[in-house]
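*Asks:* Okay, here's what each chain looks like letter by letter:
Protein chains: 2
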Amino acid sequence: MKKLINDVDDVLKEQLQGFGSAHKDLLSVHFDPTFVYRKDAPVKKKVALISGGGSGHEPLHNGYIGPGMLDAACPGEIFTSPTPDQMFEAAKKVDSGEGVLFIVKNYTGDVMNFEMAADMAHDEGIDVRNVIIDDDVAVKDSSFTAGRRGMGVTVLAEKICGAAADDGYDLDQLEALCKKVNRFGKSMGMALSACITPANGTPSFDLDENEMEIGIGIHGEPGAERMELKSADEITEMLVSGILDDENYTRKLHEWSTEEKDWIDVELTDEPIVKGDRVIAMVNSMGGTPISELYGVYSKMAQLLEASGIEIARSMVGHYITSLEMQGVSITLLKADDELLKYYDAPVNTPGWHK
Amino acid sequence: MKKLINDVDDVLKEQLQGFGSAHKDLLSVHFDPTFVYRKDAPVKKKVALISGGGSGHEPLHNGYIGPGMLDAACPGEIFTSPTPDQMFEAAKKVDSGEGVLFIVKNYTGDVMNFEMAADMAHDEGIDVRNVIIDDDVAVKDSSFTAGRRGMGVTVLAEKICGAAADDGYDLDQLEALCKKVNRFGKSMGMALSACITPANGTPSFDLDENEMEIGIGIHGEPGAERMELKSADEITEMLVSGILDDENYTRKLHEWSTEEKDWIDVELTDEPIVKGDRVIAMVNSMGGTPISELYGVYSKMAQLLEASGIEIARSMVGHYITSLEMQGVSITLLKADDELLKYYDAPVNTPGWHK
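These protein sequence lines map, in sequence, to chains A and B. If you're matching positions, the first sequence starts at 355 in our numbering and goes up one per residue. If you're matching positions, the second sequence starts at 355 in our numbering and goes up one per residue.
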């Protein structure tokens, strides 16, 4: 295992110390329990946004803390869900009295632990809502998730909802906006290589020199399908058509009801992305794929979308949500209306956001 | 060779098309000869900044085109110098009449071709100055370079001089500022793995599972020393002490003299970084190393600098100047005064700059 680390047991702590030190003008790191928060939290008269999940997906989520995005993030160990006390303590730290929105990627452990944290916060009188992001069109169920997994739309939900919170959206409005972003956004990814967690020391799966995985997750889990390595154009076609062919996906979500003061099941149906739509388009490195290759993928994606009558309103190319040093790419498309574009374009100051 | 590419011969062209398409609000790509330029060039009453060099170091240089940084960049083939006609045509495109500063990394082919381009521009009546960046303390000579190589200080020279050009610095002042950045900045890098160019298809050198290279360049060339893989803390100590122990380096540069209308040899001596100094500190991924590992390196670097009485005034952690998918890290320290910090902090809008 070739990594820039010291003792395997200290990896996360040392990285978080470095993160806190590098960005000490903007944020602080709390240990035991572990969460990272805006230095100026709580921000008065603003709903607070908290996300989190297993580490290893940097810059997600810690890199998106700051004005215009998150108020706090709760990193678990690498590819391991954070515990409820992390989110509970973070919520107490950043709540200004306007309530807290939890943005949760759809992995079984994350969903359960964020829900437990919400219950703990409710008991303390903090109004918390959980919105699940499940945008991966490739995988309906996996060893990590019931239903679809959370991928690149998470980044856009954090950006857009963060800006709307700055603009005075209340908790009801932010919950609705975050669900809309999830309904309007879809992602699909692929890998050329697996990644290695420090704790394991060996690749999470093996791929031959001429093989690739389509429909990967972000935890080093194998993809939906293994196949012979294809050209960038062919791969891009598979990802774009996977997203555009995905129609009317409906999921049942566990959602907090303020009326019933309990969790209720609600159904949520996606909007398809169709001819005439504008989209925010993200081409994301899974970690080890260099930026230059992303632009090759972008080029083909732009041609395919133009041929489908879909306009790219905004572009993002780079490292947004990764799996350590995994080589591969994911594409995220978010159907964009004026509300989403307004908040996408709004000012932001975080270590990891860039366009 | 596992890469997201199509035909090897089309890699650069397709990637540049994607780059131009993704950032078409900001810049345009010209082919035959190849250069990328600010869409609004020439910018009136502003000295224009041009850089360039072999491709494969993204986001350098194309990603640093835009308000507050470069006016144009000239990408060569991967790890191959651009030809003089690229810089000449770019200079004609972006010169507003205030002249052009060429920021050139110290590789033999780059230096020669930028100098030829300057001669061609001089013949057309365009005032051009060349400033060489040679900040790599690890390697005095290599198969690519006479003298030191250009590394992370290039990024800072482009940022700081770009902002000063916006602020009205004339060509003499910008040339002096750029030389100061080079004199005040030092870098050192290391690799855990080599990279593979599409044209070669095999790694540029082989490293065993327990080996690393200290003092690498950014072209996939081997480093100054090969040794057993060490911990992140030990590696960081080697890089930081390599930079701090480097004192009074003097190089002879070929510089354009407006009085003599000819190239003259001038000597330039570095400033050492010493106790009491403030620095801008960059921890840079060579490409394949994930952001999280960079923060582990940052943590140790911050401890070492504090122990040396050196204050980190600004921090950069991420992908700034890379070698395709090479795994490794480089550290750059720039001794900072009020002038350098003012222009470091100035507004910028380019695809690749982030703090």
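Think of the hints as simulated: they come from the structure by calculation, not from any bench. Accuracy of the hints is not assured; some may be wrong.
Each pair may be met inside one copy or between any two copies, as identical chains are not told apart.
Said to hold, decoys possible - Within a straight-line C-alpha distance of at most 27 Å, the following computed DSS-like cross-link-like pairs (lysine-lysine) qualify:
1) Lys399 - Lys356
2) Lys696 - Lys709
3) Lys367 - Lys533
4) Lys584 - Lys367
5) Lys446 - Lys533
6) Lys709 - Lys447
7) Lys615 - Lys584
8) Lys399 - Lys629
9) Lys447 - Lys398
10) Lys533 - Lys356
11) Lys629 - Lys378
12) Lys615 - Lys367
13) Lys606 - Lys378
On a predicted model such as this, the values are computed, not experimentally measured, just so you know.
*Asks:* Up to 27 Å between alpha-carbons, please classify Lys629 paired with Lys378: within, between, both or neither.
*Replies:* For Lys629 and Lys378, only the inter-copy Cα distance (22 Å) is at most 27 Å; the intra-copy one is 45 Å.
*Asks:* Is it within, between, both, or neither for Lys615 and Lys584, if the alpha carbons may be no more than 27 Å apart?
*Replies:* Neither, since 51 Å and 55 Å both go past 27 Å.
*Asks:* Have a look at Lys584 and Lys367 and pick one of within, between, both or neither, based on CA distance no larger than 27 Å.
*Replies:* Intra 39 Å, inter 19 Å, cutoff 27 Å: inter-copy only.
*Asks:* 27 Å Cα cut-off: does Lys533 pair with Lys356 within a copy, between copies, both or neither?
*Replies:* Classified as neither: same-chain Cα gap 40 Å, cross-chain 37 Å, threshold 27 Å.
*Asks:* Indicate which option fits the pair Lys367, Lys533 if close means a Cα-Cα distance not exceeding 27 Å: within, between, both or neither.
*Replies:* Neither way: Lys367 and Lys533 sit 33 Å apart in one copy and 39 Å across, limit 27 Å.
*Asks:* Classify it for me, Lys447 with Lys398: is the Cα-Cα distance of at most 27 Å met within a copy, between copies, both or neither?
*Replies:* within (12 Å within a copy, 50 Å between copies)
*Asks:* At 27 Å max between alpha carbons, let me know whether Lys399 reaches Lys356 within a copy, between copies, both or neither.
*Replies:* neither (47 Å within a copy, 50 Å between copies)
*Asks:* Please work out whether the CA atoms of Lys696 and Lys709 approach to 27 Å or closer within one copy, between two copies, in both situations, or in neither?
*Replies:* Both, since 15 Å and 24 Å are each at most 27 Å.
*Asks:* Is it within a copy, between copies, both, or neither that the alpha carbon of Lys606 lies no farther than 27 Å from that of Lys378?
*Replies:* Classified as neither; 40 Å inside a copy, 40 Å across copies.
*Asks:* Given identical chains, is Lys709 near Lys447, meaning Cα to Cα at most 27 Å, within a copy, between copies, both, or neither?
*Replies:* between (30 Å within a copy, 26 Å between copies)
*Asks:* Between the shortest in-copy and the shortest cross-copy C-alpha distance, which are at most 27 Å for Lys399 and Lys629: within, between, both, or neither?
*Replies:* neither (40 Å within a copy, 44 Å between copies)
*Asks:* Could you figure out if Lys615 and Lys367 sit no more than 27 Å apart (CA to CA) within one copy, between two copies, both or neither?
*Replies:* Close neither inside one copy (37 Å) nor across copies (58 Å); limit 27 Å.
Violated hints for the displayed structure, listed by number in ascending order: 1, 3, 7, 8, 10, 12 and 13.
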